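For the sequence shown, our numbering puts the final residue at 1739, and the numbers step up evenly by one.
Quick caveat, the hints were computed from the structure, so don't treat them as lab data.
Label pairs and their computed distance ranges (CB to CB): (1) Pro1651 with Val1512: 18 to 24 Å; (2) His1568 with Phe1511: 20 to 26 Å; (3) Val1635 with Gln1720: 42 to 48 Å; (4) Ala1676 with Ala1499: 38 to 44 Å; (5) Val1635 with Trp1604: 39 to 45 Å; (6) Arg1606 with Ala1639: 38 to 44 Å.
Predicted model only: the values in this text are computed from it and were never measured. Glycine included, every Cβ here is placed at the ideal spot set by N, Cα and C.
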Amino acid sequence: QEQAEVPHHLLGILDPAEQVDAAWYVEQARAAAKEIEQRGGRVFFVGGAPFYLRALRFGLFTLPAVDPERRRALIEEAAHLGTTVLHERLRRIDPQRAAEIHPNDRYRIVRALEIHATSGLPPSELYARHRASPPPSWPRLVIGLDRPRDELYRRIDERVERMIEGGLVAEVAGLLSGGLSPEAPGLRALGYRQIVAHLRGECSLSEAVASIQRETRRFAKRQLTWFRKDPEIVWFHPEAVDAIEGAVASFLGQPLASPTRQEERRGRGKEAG
1467 QEQAEVPHHL LGILDPAEQV DAAWYVEQAR AAAKEIEQRG GRVFFVGGAP
1517 FYLRALRFGL FTLPAVDPER RRALIEEAAH LGTTVLHERL RRIDPQRAAE
1567 IHPNDRYRIV RALEIHATSG LPPSELYARH RASPPPSWPR LVIGLDRPRD
1617 ELYRRIDERV ERMIEGGLVA EVAGLLSGGL SPEAPGLRAL GYRQIVAHLR
1667 GECSLSEAVA SIQRETRRFA KRQLTWFRKD PEIVWFHPEA VDAIEGAVAS
1717 FLGQPLASPT RQEERRGRGK EAG
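Could you put the whole structure together from the sequences, leaning on the hints where they help?
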């Protein structure tokens, strides 16, 4: 329903086997924004990945090039010893960066270790140097939506249950039966990797669901911790519709919609809640 009312971009465009990064996202997002602006539209970026949002706002800096042999060795080491072993190594090298990466996120752990091995510097130090550079001049309003922790966690648990009811297990089973590797980026994502483990007989469905809920809550906590360090974000409760619309209207210098239209949106929000 929301997509029928407002055109969305960069949704459902990736194959589960594709590996993309922040550079790809910035290129695609800016291209979409340019096309929207050329039509006279307003651009709203929506999402919850701090690194991608920062890359979009401040640009990307050049990281050390990938050494294929070093990457292959690290991936093999993770396969034999476990990703958590590499995460512990990163923690000793760069505690700050390690705290930002989940112990099972092999791709980001390997990349962080690559950066350190090539540059001789902790990745967090390189990122900090980049953040200290002057921001771009284009105007923007950055809004954060924040709920009480218990309410947020309850909604996360309910969302995971809806994902299961909506056919997540069948979706993953179909991808695997179609020949997709369990190590494909799409199946290593939070939620999918737990279902893969269930289908392999490594855990029951109830255990997989509990793991998804637990890891999603932890993920949300880390994201909020990161975002709260961002002084540019203006925080609102998601149901403070009038305050949010007022802030956006003030930023744009014009009203967002007729009062009737606003009431319709608020009504749908209450129904969806």
